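Asks: Protein chains in written order, with UniProt numbering: chain A, 1 to 718; chain B, 1 to 439.
Keep in mind that the hints were calculated from the coordinates and are not lab data. Warning: the hint list may mix true and false statements.
[Unchecked claim] Listed next, the stretches of chain A that the computed footprint assigns to chain B, with coverage defined by at least 3 CB atoms under 8 Å from CB atoms of chain B:
| no. | segment |
| --- | --- |
| 1 | 532-539 |
| 2 | 595-607 |
[Claimed, not checked] Straight-line C-alpha distance at most 25 Å; calculated SDA-like pairs for lysine to any residue:
| no. | chain 1 | residue 1 | chain 2 | residue 2 |
| --- | --- | --- | --- | --- |
| 3 | A | Lys14 | B | Ser270 |
| 4 | B | Lys212 | A | Leu5 |
| 5 | A | Lys98 | A | Leu143 |
| 6 | A | Lys269 | A | Asp285 |
| 7 | A | Lys446 | A | Ser289 |
| 8 | A | Lys41 | B | Tyr241 |
| 9 | B | Lys95 | A | Lys269 |
| 10 | A | Lys269 | B | His205 |
| 11 | A | Lys262 | A | Gln245 |
Values in this document were obtained by computation on a predicted structure and should not be read as measured data. Ideal Cβ positions, reconstructed from N, Cα and C, are used throughout, including at glycine.
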Amino acid sequence: MRLQLTQPRVQVHKELASAVGWSISNELFSTSDDHTIHSWKASGEHSGQVCSLDAYSTDLHWYPCASRRQQGGATDVLAVSCTDGTFKILSKSGRVEKSVDAHRGAVICLRWNYEGTALATAGEDGLVKASTSPVSWKAHNGLVLRADWSPVNDMIVSGGEDCRYKVWDSFGRLLFQSAPLDHHVTAVAWCPGADLFAVGSLNHLQLCDRSGWAYSKESLQTGSILSLSWTQDGTQVAGCGGNGQLVFGRLADIALEWGHMKATLKDDKHIRVHNLVNETVDELDFRDSVVKMALGFEHLVVATSTQCCIYSTATWNTPHILDLKDTVSLILQCQRNFLTVDNFSGIQICTYEGRQVCNPKFQGLRTEFLSKQLLSLSNDTLAIVDKTDGKTIRFFDTAQGKPSGDVLVHSMDIAEVALSQNGIAPDRKVVFVDRNRDLYVRRVSKGGALVKLAPMVESAVWHDTAEMLATMTDQKLVIWYYVNVVFVDRDLIASTCSTQQEGEFGKGAVIQGFSGSRCTLRRSDGAEVAAGVPPYPLMLHQLVAQNQWDRAVRLCRFVKDGLLWACLAAMAVDAAELNTAEVAFAACEEVDKLQQVLAIKAIPSQEGRSAELALVRRCPQEAEAILLQAGLTYRAIQMNIQLFRWERALDLALKHKTHVDTVLLHRQRHLAASRRTENDPRFLQYAQEVPVDAAAVELKEQQEVQAEAQRPGARRYV
Amino acid sequence: MSFRELRSFVEMMRALNFPHHISLESFRAPNFELVADCLYWLYQRYDPGTDVIDDISTETDRIIFLQSIGRAMFTKARIQLNLKRLYAANGLAVKELLKTATLLYKATFEANNEEAEALDQPATAVDTRSIDPKAARQLTSEIIRSGTAIYDALQQEPEMRELRNRALTSNMDTDVIADSVREAIVSVHDNVTSISHALEEMNDHHRSLETKMEKRRSELERCEKRLSTLAGVRPAYMDEYERLQEEMQGLFTVYLERFRNLEYLEGQLSQHREAQEERMAASNRTLKKMQRRLRDEEMRILRGEAAVDESQLADGEAYDYDSQGGSSTDEGPREASPGFVTVKQPVSAMGGAIRPMSRGGVVMGSLTGGGADESDDSIDEDDDSAEDDHVSVNDGMEREVFGDRVDDGDLREGMSATDLDGDPDQEQSAEFSSDENDF
């Protein structure tokens with residue numbers, strides 16, 4: 001990625017140009033020490049002088065307006081700060097609507113708040129005046145010349161006289177610190193999407209990733225760049241220099257890769273697509289400038305300022321075209337559909353045929369705060385982090401746009417959310433990383449338990465076809481080969497994940513993608529690194545998905561890897577495939593589990609086996625419910641006795657008026673073994689009422705076992 | 001201290017490549033070292049040759065330093081510095097420093113611009129190696145030509161000198177000349193700038209056209225590509241279309257065959273109709289003939305030349321009438337037979353008694369061609385002629401007697417002859433009625 005720079009041919013400002021600002025209709029206003037405000041078109045052409053002021057201006061800021069549709073007469077204004085201690089509210093035509101005496105000495109800086117309800121000014125007198133409470137802290141070795149905060153990812157970038165720029169989170173923790181530049185950093189500005197920011201210095205403009213490393217560095221003849229401003233759609237940046245020159249930069253050479261396809265945005269209306277397999281190059285031209293594009297799942301989705309074009313990678317000739325109402329700020333794709341986010345129509349889910357499916361909404365949805373991290377799309381579910389409190393994840397059905405599953409409320413702010421991509425709706429899982437960088441996993445469907453998977457996770461990405469997860473945990477790449485294991489048998493979690501190449505990726509590496517047997521990462525210095533992942537787990541997933549258990553066993557025997565055996569064991573238990581589970585547990589030397597599987601196999605009835613498997617999954621309630629529904633009362637009581645849930649066992653026995661003596665006998669034996677005496681009043685009472693005869697109880701138990709084996713539906717496991 | 005001035009100063013010093021970074025906070029507290037540093041550096045930039053003592057260790061040294069710089073700047077650059085403010089080295093000192101810095105900054109800026117402009121102009125070096133001999137020859141001839149021109153001009157010189165002297169002696173307003181020359185220069189300049197503008201516009205236009213062409217070309221390519229892909233695609237109902245076409249071809253051959261058969265059969269039918277019509281006409285003709293004959297016979301009978309057998313006559317007529325509707329396969333014999341039967345039978349029945357009656361059958365005899373009758377014919381030759389005479393007489397008499405009626409009958413005959421296609425029954429009945437009337 002780089003900036004395509006254009007500088008106006010004529011120099012309009014003869015003096016130092018102090019500030020620039022883009023209006024919502026992509027018009028640039030610049031102010032200078034020659035007392036004038038000029039306007040410019042997005043192409044860099046000078047469109048004329050707007051007005052001249054009676055004082056030197058130091059800063060200007062447009063009234064924040066999220067959407068072009070919300071633009072009206074009252075909101076189409078800008079604020080200009082002056083050296084005579086006033087700030088002025090100007091209309092678009094240059095008329096001074098209001099002039100407020102704010103400070104003694106010059107007003108140096110002013111900013112609207114995000115809603116446009118308040119204006120903060122900073123003056124030479126050292127005061128910050130605002131209607132809301134101000135927040136500030138010291139960050140640099142030297143004067144901080146400029147800072148910018150992004151509401152999307154709550155990150156702050158600052159530049160100062162120590163010639164460095166730094167990236168902070170909203171708690172003041174340093175995320176990145178640049179190497180010193182040649183001169184003071186005089187301007188910084190976040191791109192509205194918050195994945196890029198621009199840094200200006202003397203004759204120097206730099207485009208940086210959100211993690212701090214530079215995409216491109218440009219040398220200019222503008223003097224110090226004193227102010228930078230991005231357009232609302234985040235495609236263009238403008239800066240003004242100390243000698244009055246302006247510079248316009250447009251994002252170009254944005255490259256997206258997916259499989260064997262590579263799409264590059266050559267300039268604002270032109271995309272080049274390379275197919276690396278058959279080495280063909282396709283040129284796509286657009287009527288309007290391209291705002292966002294996304295490539296994946298065999299489709300290229302391009303959002304221009306008025307239209308959304310959906311190309312299939314098979315044919316580039318005839319796109320499906322949707323009309324857009326507002327500037328798209330985000331495009332997310334999954335296998336069956338994709339979504340676009342804009343500030344007017346919110347989140348829109350569309351199919352690749354160009355049909356709009358639904359428009360999920362909830363109270364307090366703020367589309368301008370949504371980013372890739374806070375939104376996740378899968379074939380049937382959409383997960384959105386509710387930014388009003390930052391701790392809630394809401395799930396929506398992508399077919400109707402209605403809420404589905406439980407609302408997930410966490411105790412901490414959520415930083416990233418991701419939905420698993422494969423499988424069907426009941427299997428859908430969500431992982432999220434909270435502010436403490438802990439990774440949690442849950443089923444989307446109702447009543448799922450929340451399980452903490454790992455601490456210190458920097459990023460987490462699902463595999464695009466199998467239920468595998470790649471995470472950067474404590475600077476190490478960890479692959480979870482079978483995430484469902486947390487819902488099957490937590491003892492196997494450690495043996496189904498692998499940690500790769502310690503310390504190779506460095507701090508702050510971000511996983512970009514995980515598909516096939518390759519995981520791509522971007523290191524904090526901007527280098528893209530590909531990490532190989534063994535292909536066997538993927539093959540195993542595919543075989544299991546096709547129910548080919550014997551082939552899966554053969555694959556594991558061929559690879560001879562404990563990890564693969566553990567995955568297979570967990571999969572087999574999940575699918576109640578006991579023979580495979582037996583082989584797998586034997587192979588990974590889990591003797592206790594092997595014996596448990598053998599015991600389950602010996603159970604004559606189907607319901608008994610599924611109850612035991614529920615116990616393996618640590619769901620005793622579910623197991624008991626299965627047994628009681630099937631009428632296996634003795635087995636239910638026996639299960640509760642084995643779990644030492646004496647009260648529940650006694651309750652069941654009393655309710656069904658059977659085996660009270662059995663419960664009492666086992667209780668007595670248990671107390672005797674642990675050398676204690678009975679002190680529960682209920683048990684004391686029933687011990688007096690019901691006679692306990694060990695021989696009779698054992699006889700009864702044998703009869704029950706035989707009765708179960710002779711049940712009409714009973715069938716031995718084969 | 002003003003924020004704006006400080007910012008401008010820092011910006012200018014940065015642009016002038018001052019070796020240290022100046023912080024915006026530098027002059028918040030008095031900072032004489034920095035002021036002296038900046039001042040010395042600026043002075044050195046202004047006039048590198050001079051030497052100023054930059055010792056600022058003591059108060060007097062500082063004053064001497066400021067005084068020497070202030071004096072030098074005043075004499076050389078006509079800039080009056082407020083030394084008190086500089087000595088205070090606070091925000092106000094920036095104002096004084098800014099004076100010098102602005103001078104240098106503007107000069108540098110303009111110099112840079114001029115340099116850039118100078119770089120823009122093309123180099124006009126002549127490469128001696130690349131002299132064209134042809135051009136050189138042309139130039140020599142030019143020299144010769146101009147030489148002769150000079151010679152001619154010099155010859156005219158004596159006359160011209162006088163005129164020139166006269167012109168020179170006359171009063172001339174130099175200001176007017178200077179103005180006109182200046183105007184001319186300005187107009188030429190304007191001309192040049194307008195031409196260069198036009199050139200630039202042309203270039204712009206050229207570029208834009210090129211980009212347009214490029215775009216069009218790429219569009220064409222894309223369209224062609226699209227066309228090729230579309231050509232490769234088989235239309236949706238092509239299979240069905242082809243199947244239906246084949247089916248239709250089959251149906252058409254069947255149709256053709258049937259049509260041919262129909263045409264053939266229609267032809268046959270029309271042939272058949274024609275034949276039938278012909279036959280009908282022929283039978284009509286014979287009928288008429290027969291009727292005439294019958295009438296003749298009747299006349300004869302009426303005239304008393306032959307005996308009448310009414311029943312036979314009726315029978316014969318009935319038969320004749322029937323035969324008309326009958327099959328037409330054996331026309332020849334039939335045609336002959338009615339006459340033969342009707343006439344012959346009475347002959348045979350009556351035998352010799354009505355021999356003269358068979359005289360009318362002489363014609364019949366020739367039709368049958370019987371040998372027996374021939375002998376009769378030869379025998380009766382004389383009678384025949386006599387009979388003929390008689391008949392003619394009778395005929396004439398008959399005409400006389402029934403003149404009107406005969407005329408009428410003739411007329412009817414003519415009518416029926418014209419109206420051959422008319423109803424034969426009617427015809428017949430008309431004949432009969434006429435016959436009856438005759439009777």
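Asks: Compare the structure with each hint and give your call.
Replies: Structure-based check of all given hints:
Only residues whose C-beta sits within less than 8 Å of a C-beta in chain B count toward coverage, and the segment 532-539 of chain A has 0 of them, not enough to reach three; the restraint is violated. Coverage of a stretch by a chain is defined here by at least three residues with a beta carbon nearer than 8 Å to that chain's beta carbons; for the segment 595-607 of chain A and chain B the count is 0, and the condition is violated. Of the pairs offered as hints, the one joining Lys14 of chain A and Ser270 of chain B is violated, with about 110 Å between alpha carbons and a cut-off of 25 Å exceeded. The hinted pair formed by Lys212 of chain B and Leu5 of chain A meets the criterion: a straight-line CA distance of about 22 Å does not exceed 25 Å.
Distance restraint check for Lys98 of chain A and Leu143 of chain A: the Cα-Cα separation of roughly 32 Å exceeds the 25 Å cut-off, and the hinted pair is therefore not satisfied. Restraint check: the Cα-Cα separation between Lys269 of chain A and Asp285 of chain A comes to about 6 Å, which is no more than 25 Å; the hinted pair holds. A C-alpha spacing of about 44 Å is found between Lys446 of chain A and Ser289 of chain A, which places the hinted pair above 25 Å, so the restraint is violated. For the hint pairing Lys41 of chain A with Tyr241 of chain B, the CA-to-CA distance comes to about 57 Å; that exceeds 25 Å, so the pair is violated.
At most 25 Å may separate the alpha-carbon atoms for a hinted pair to count; Lys95 of chain B and Lys269 of chain A exceed this at roughly 49 Å. For a cut-off of 25 Å, the pair hint linking Lys269 of chain A to His205 of chain B stands: about 21 Å separates their Cα positions. Between Lys262 of chain A and Gln245 of chain A, the direct Cα distance comes to roughly 37 Å. Violation of the 25 Å bound is thereby established for this hinted pair.
Hint compliance for this structure: hints 1, 2, 3, 5, 7, 8, 9, 11 are broken, all remaining hints hold.
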